[in-house]
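K.L.:
The residues making up each chain are set out below.
2 protein chains.
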Amino acid sequence: MNGAQALIRTLVGAGVDVCFANPGTSEMHFVAALDDVPEMRAVLTLFEGVATGAADGYARMAGRPAATLLHLGPGMGNGLANLHNARRARTPMVNVVGDHARSHKRLDAPLESDIDALAGTFSGWVRRSLSPADVAADAAVAVAAAASSPGSIATLILPADVSWEDGADVAAPVRVRPAPRVPSSVVDDVAAVLSSGEPAVLFLGGDAMGEEGQLAAARVAAGTGARLMSETFPARAARGAGLPDLTRLPYPPEMALAALAGTRHLLLAGAEAPVHFFGYPGLPGHPVPDGCTVHVLSAPGEDAVTALRDLAQRAAADAEPELLEASRPELPTGELTPRAMAAVIGALLPERAIVVDEALTSGVGLMELTSGSPRHDWLALTGGAIGDGLPMALGAAVACPDRPVIGIQADGSAMYTISALWSHAREQLDITTIVCDNGSYAILEHELSRVGAQGDGKRAARLLDLGGPGLDFVAIASGMGVPATRATTAEELADQLGRALVEPGPHLIDAVLPRRG
Amino acid sequence: MNGAQALIRTLVGAGVDVCFANPGTSEMHFVAALDDVPEMRAVLTLFEGVATGAADGYARMAGRPAATLLHLGPGMGNGLANLHNARRARTPMVNVVGDHARSHKRLDAPLESDIDALAGTFSGWVRRSLSPADVAADAAVAVAAAASSPGSIATLILPADVSWEDGADVAAPVRVRPAPRVPSSVVDDVAAVLSSGEPAVLFLGGDAMGEEGQLAAARVAAGTGARLMSETFPARAARGAGLPDLTRLPYPPEMALAALAGTRHLLLAGAEAPVHFFGYPGLPGHPVPDGCTVHVLSAPGEDAVTALRDLAQRAAADAEPELLEASRPELPTGELTPRAMAAVIGALLPERAIVVDEALTSGVGLMELTSGSPRHDWLALTGGAIGDGLPMALGAAVACPDRPVIGIQADGSAMYTISALWSHAREQLDITTIVCDNGSYAILEHELSRVGAQGDGKRAARLLDLGGPGLDFVAIASGMGVPATRATTAEELADQLGRALVEPGPHLIDAVLPRRG
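Residue numbers (the UniProt record's numbering), protein chains in the order written: chain A, 1 to 517; chain B, 1 to 517.
Hints were generated in silico from the structure; no laboratory data involved. Source: prediction; values computed, not measured. It cannot be assumed that every hint is accurate.
To be verified - Heads up, simulated DMTMM-like pairs for lysine to aspartate or glutamate below, C-alpha to C-alpha not over 20 Å straight-line:
no., chain 1, residue 1, chain 2, residue 2
1, A, 458, B, 39
2, B, 458, A, 36
3, A, 458, B, 35
Whenever a hint applies, use it, and build me the whole structure from the sequences.
P.N.:
Next comes the structure, spelled out in structure tokens:
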């Protein structure tokens with residue numbers, strides 16, 4: 001058995017049976033070995049950022065890592081932005097990065113680069129397999145490292161000849177470390193804070209964003225008067241009727257400051273203490289008010305669900321949580337504004353949908369207008385590196401082939417990883433992408449004014465404008481095999497979304513929103 | 001004056017007056033400052049890999065660095081593959097990478113990552129500006145570091161508040177270190193080797209690939225009997241009638257070994273000693289035969305042109321070089337094979353064209369059939385990280401607005417940085433892209449068999465196949481504002497290329513080549 005065969009069998013044995021791949025020459029034995037191990041599903045992407053974003057979306061929904069297959073340092077570089085997002089989401093992932101054969105390494109061939117240093121910038125675990133006899137054991141440890149709590153990226157560097165040489169054997173899975181329980185003394189301390197009656201916010205993130213965590217948190221809120229809030233961009237959030245109305249901390253610093261104003265105790269469950277996305281002149285770096293104490297009920301990677309249940313038991317034993325009733329907005333008519341787009345989505349969102357949200361500025365009203373929809377999951381852009389939406393939708397759909405995936409996708413961001421559409425088509429996945437087509441980097445137009453930049457003259461404006469020429473997403477999607485339509489009114493969007501949701505396979509709707517300026 | 005204004009003015013003063021940009025929030029003051037410094041031309045790209053590849057193509061043609069403007073670590077990551085190619089080309093480039101404000105750095109905001117470590121993997125020079133008072137001096141040193149011989153990538157990390165704070169001033173340019181001359185004793189030694197009469201190859205690369213270097217090398221060859229050869233993928237090569245017939249070392253290892261078989265002396269001028277792109281089972285890692293001595297006339301970064309002239313003077317004073325006569329292939333008819341495509345290009349290649357070659361397997365016959373065309377420059381993929389072609393064409397066209405640019409672009413590779421087409425259109429550049437549309441990663445199909453992989457079954461084949469769905473490059477290009485046509489015969493290609501070359505602005509021709517398999 002050669003190294004590649006042992007590697008793939010070991011991954012499959014450890015529960016990693018999907019690989020998002022963009023291979024090159026140094027990975028040809030891995031590719032060849034796929035025919036020997038039919039349990040491993042390989043999904044071809046045309047760009048590495050699609051592979052890494054897909055592995056992120058897959059793991060967020062499947063709850064276990066996918067593998068990626070990347071081609072040396074430059075291939076891993078192409079995947080880096082979405083690896084960054086995955087790192088911020090604490091997504092478990094096993095990167096397999098091919099490298100030159102061991103004998104070739106010292107020759108400084110054209111594709112040689114410092115893979116190890118690059119991998120270190122986003123990985124929780126990095127190893128270079130040194131021989132075919134090692135590779136399976138390395139892979140087993142990689143899976144355990146990735147899947148242990150909190151999830152992280154494990155990068156296994158695979159020299160070509162370690163793949164192709166014989167002498168390898170399959171390794172048994174290595175134990176995955178589960179999320180540790182929070183000590184009861186910590187729960188007691190937080191319960192004591194809540195009993196003070198001072199203004200408190202229970203701030204959720206990570207695994208607290210599932211149904212069970214939210215329901216326990218809602219009991220705490222009902223019994224103690226604490227407000228519920230969540231991090232701005234959770235990796236995965238359960239949403240919809242029957243769950244609490246969980247406000248997200250707003251993105252704009254001024255609004256975040258207002259949202260937490262007056263809070264005396266910020267109680268973290270699965271989340272880090274919030275900070276602003278960027279620093280701005282004259283503003284503090286985070287929204288936590290002076291005089292507010294931050295308490296950690298559970299740190300990321302600890303078992304927030306059990307901690308919240310324990311806390312509810314202790315602080316709010318008989319409380320009845322306030323939960324959202326089922327409700328949908330009416331289908332809007334007329335102009336296709338961002339809010340009308342949100343209403344269409346809220347009105348039509350199917351049962352058990354997976355929403356991949358990279359709407360950015362066009363997401364106004366989305367949270368509000370989908371909050372009473374049927375139960376669904378919501379995946380956000382965790383690390384701020386745009387271009388995650390189309391790939392994440394790919395991965396989520398591979399993980400959950402029986403659930404509809406709806407991608408709400410800013411136009412500028414879509415172009416970073418646009419070739420993901422081809423993979424949507426090749427795999428014939430039930431993904432409906434709604435492009436929020438406002439013809440600009442609208443978020444940067446906001447930011448240009450917010451940072452107090454003075455010269456918003458023509459040359460600056462031109463760097464934030466996606467017109468001249470306009471991007472025709474219908475043509476682009478069609479060129480990659482995804483059926484596409486254009487919606488210019490609320491009615492058209494409703495009609496096209498309704499049809500896309502009942503037809504199998506991928507669709508794209510170019511939602512033409514008002515131009516700015 | 002704020003840091004951003006001082007930075008841009010300093011860059012312009014040092015001769016860097018083009019910036020390929022994909023900015024984000026942390027770069028908004030740089031963007032705003034563009035209105036204050038109209039001498040700086042900013043070119044928007046929709047993806048950082050387009051910006052870095054364009055800066056590479058620009059500098060190869062302009063002979064001086066462009067700047068890039070990138071958004072934190074993930075933005076730089078998106079640019080990494082083409083930064084790798086630029087590093088291998090020894091291209092001078094000034095990366096400006098925005099980062100969080102200094103006060104925000106420690107907060108570990110979502111976009112925080114180890115920019116410095118990442119930059120270290122491809123940069124020859126890295127610095128983080130610490131205050132507005134430093135930034136201009138840092139920029140001046142960055143330009144000098146990039147432009148000094150051999151060219152390299154200088155990465156300047158620019159915290160947002162170093163941009164926005166006042167207290168900066170313009171810095172004077174710093175002296176650029178020119179290529180050092182090769183000592184005459186070295187030239188004497190090489191001349192002595194050549195006088196032995198033993199089989200010798202004069203192996204050119206880097207700055208020896210310009211007209212002057214090639215003409216001097218041709219005199220040496222004529223006077224001494226040495227064979228002329230060049231590296232496989234030179235950053236920039238002068239070509240065409242009136243220059244010597246400069247064979248390139250073939251890419252496939254077996255052919256490279258055959259090309260150098262029997263050579264006793266390999267004389268390097270501007271090139272490194274060749275190595276194979278990849279290691280393969282049972283093959284040596286490089287094509288230099290046993291018993292062949294490698295002599296360095298000039299190392300990369302030394303003045304190869306003067307060294308070759310000195311050598312010609314010493315070893316071949318009266319030799320008349322053999323130079324190519326003007327000749328063009330006849331326009332082919334019928335099936336559009338790669339060779340027919342090459343003949344069409346050779347027949348129509350305009351005077352002073354810039355050819356950007358990422359044809360990969362579809363490039364068969366291209367070198368031969370364009371060798372007698374009018375004088376032109378040829379830019380190759382230096383680092384093997386595919387997705388450089390469309391961006392390099394952008395940069396080359398910005399550098400040389402009066403010269404036609406022809407991109408010969410493999411289909412799979414095109415998809416890595418396809419949004420470059422939008423920038424072709426926005427800037428209305430005279431770029432004609434010919435997509436070599438064979439519907440597969442054909443080079444990997446070669447490699448899959450070459451590495452001796454056994455199971456070339458259906459699952460492996462599917463990972464190398466770009467069909468299902470096929471990519472419609474006419475639709476994709478049209479969707480980004482580039483007029484596009486499809487050629488299915490040699491006549492159609494000739495007709496469409498002829499028209500594209502006389503019409504101003506960008507064009508794309510989808511050249512449908514025979515499918516493999």
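K.L.:
Would you mind marking each hint as holding or not holding in the structure?
P.N.:
Verification of the hints:
1. 458/A - 39/B: holds, 14 Å
2. 458/B - 36/A: Holds - the C-alpha atoms of residue 36/A and residue 458/B are around 11 Å apart, at most 20 Å.
3. 458/A - 35/B: holds, 7 Å
Of the numbered hints given earlier, the model fails none.
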